[in-house]
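K.L.:
Protein sequences appear in the order of chains A and B.
Just so you know, the first sequence maps onto residues 1 to 84 in the numbering used here.
Just so you know, the second sequence maps onto residues 1 to 234 in the numbering used here.
Keep in mind the hints are simulated off the structure, nothing from the lab.
It is possible that some hints are incorrect.
To be verified - Think about it this way: if two alpha-carbon atoms lie no more than 35 angstroms apart in a straight line, the pair counts; the simulated DSBU-like pairs of lysine-lysine are:
#, chain 1, residue 1, chain 2, residue 2
1, A, LYS27, A, LYS7
2, A, LYS27, B, LYS134
3, B, LYS138, B, LYS96
4, A, LYS7, B, LYS134
5, B, LYS96, B, LYS134
Stated by the list, open to error - Computed list of chain B residues with no C-beta within reach of chain A, every gap over 10 angstroms:
#, residue
6, ASP16
7, ARG41
8, GLN62
9, ARG76
10, GLN77
11, GLU78
12, LYS96
13, GLN98
14, GLY100
15, GLU126
16, SER151
17, ILE179
18, THR180
19, ALA183
Every residue, glycine too, gets a C-beta built ideally from N, C-alpha and C.
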Amino acid sequence: MAMMDCKQVLANLSDYVDGAVSNQVRKALEEHIARCRRCRVVLDTTRRTLSLVLDIEPFEVPLAVSARLYTRLQEVLSGDRGVS
Amino acid sequence: MTDSAKSNLPGTGGDDDVSLIERVLGGDRRAFEPLVRRHERHVFRVTLAVLGNIEDAEEAMQDTFVKAFRHLDQFRQESRFTTWLTRIAVNEALQKRQAGKEFVSLDDSRDVPERAEEQFAPRRYEAWRADPEKLYGKQELRRIIEAAIQSLPLIYREAFVLRDIEEMSAEEAAEAIGITVGALKSRLLRARLMMREILAVSLEHPPTAAQKLMHTAQDMGMAIAMRMMKAAGK
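The whole structure should be built from the sequences, with the hints applied where relevant.
P.N.:
Written out as structure tokens, the structure reads:
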């Protein structure tokens, strides 16, 4: 595969991070980032962003929200006609 | 890996979901509650991703589970229960969103160019100076990340939440939203790049020593509150 430019690296960045590119694309992309500091930073900070988001586990269900869900479900499960 | 082998992996919700569903369909309604417990957080994140506020997300979450219960016999097991449930959650949330507004702004349009990456180029090329997890308390970092996710336009936010928080496959996420895998991937790329930029700005100015102390105190306060509620049986 011919050398990749920055735009092509960006277009393949997501799939590369997910490990969903062919060996050929992976090799071309890695050759590019080895010599392009900007793309290397974008790749590294994108990975760190995703890792941070996963680690922090955003959006807990508030306890009161959870409690109201089970109250409503109790009403439905006890009074509903059931699974149609 | 076979489908049955895959469904036995921890966290995939495979066999356990199916056996609970079969119990509900067989007349044991109590089996629906553990099914809800397994997916409550996932559905909440999905409805929140679409609606952007807790009040509406709560209502859409309740409606999702009620609808899932009433139509459980329509679940065909051709896809995972999570995917089927996510589709209901996305639809419930979108209906609620549409009902709540007269006009759909351009920002909210679900009609997006397939090659979205062409319209978004990174603007920041500075490496992160330090590990954000060492600079911020966990609660503060969570607040920053949640605010960043909430600031994404809808079509990018839902792709990001399904793929990068809920860890659904690209195929499952695309099916749940009702778009092609190619469109999902385009949106995801843009969402990830936007998140990277937003976080770079948010994390640019590390907290002062006093702020760090306050963040630690907040985290401790939260941990104590959680422990007290647990002890009180709530």
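K.L.:
None of the hints should be skipped; say for each whether it holds.
P.N.:
Cross-check of the supplied hints:
1. A:LYS27 - A:LYS7: holds, 16 angstroms
2. A:LYS27 - B:LYS134: With Cα atoms ~34 angstroms apart, LYS27 of chain A and LYS134 of chain B stay inside 35 angstroms; holds.
3. B:LYS138 - B:LYS96: Distance ~32 angstroms between LYS138 of chain B and LYS96 of chain B Cα, so the pair holds.
4. A:LYS7 - B:LYS134: holds, 33 angstroms
5. B:LYS96 - B:LYS134: violated, 39 angstroms
6. ASP16: Correct as stated: the minimum Cβ-Cβ distance to chain A is 19 angstroms, above 10 angstroms.
7. ARG41: violated, 5 angstroms
8. GLN62: violated, 5 angstroms
9. ARG76: holds, 14 angstroms
10. GLN77: holds, 15 angstroms
11. GLU78: holds, 18 angstroms
12. LYS96: Since the minimum Cβ distance to chain A is about 15 angstroms, LYS96 of chain B lies beyond 10 angstroms and the statement holds.
13. GLN98: holds, 22 angstroms
14. GLY100: holds, 19 angstroms
15. GLU126: Non-interface label on GLU126 of chain B violated, nearest chain A Cβ at 7 angstroms vs cutoff 10 angstroms.
16. SER151: For SER151 of chain B, whose nearest Cβ neighbour in chain A is about 13 angstroms away, the distance exceeds 10 angstroms, so it holds.
17. ILE179: holds, 15 angstroms
18. THR180: holds, 15 angstroms
19. ALA183: holds, 13 angstroms
Checked against the numbered hints above, the structure violates hints 5, 7, 8 and 15; every other hint is satisfied.
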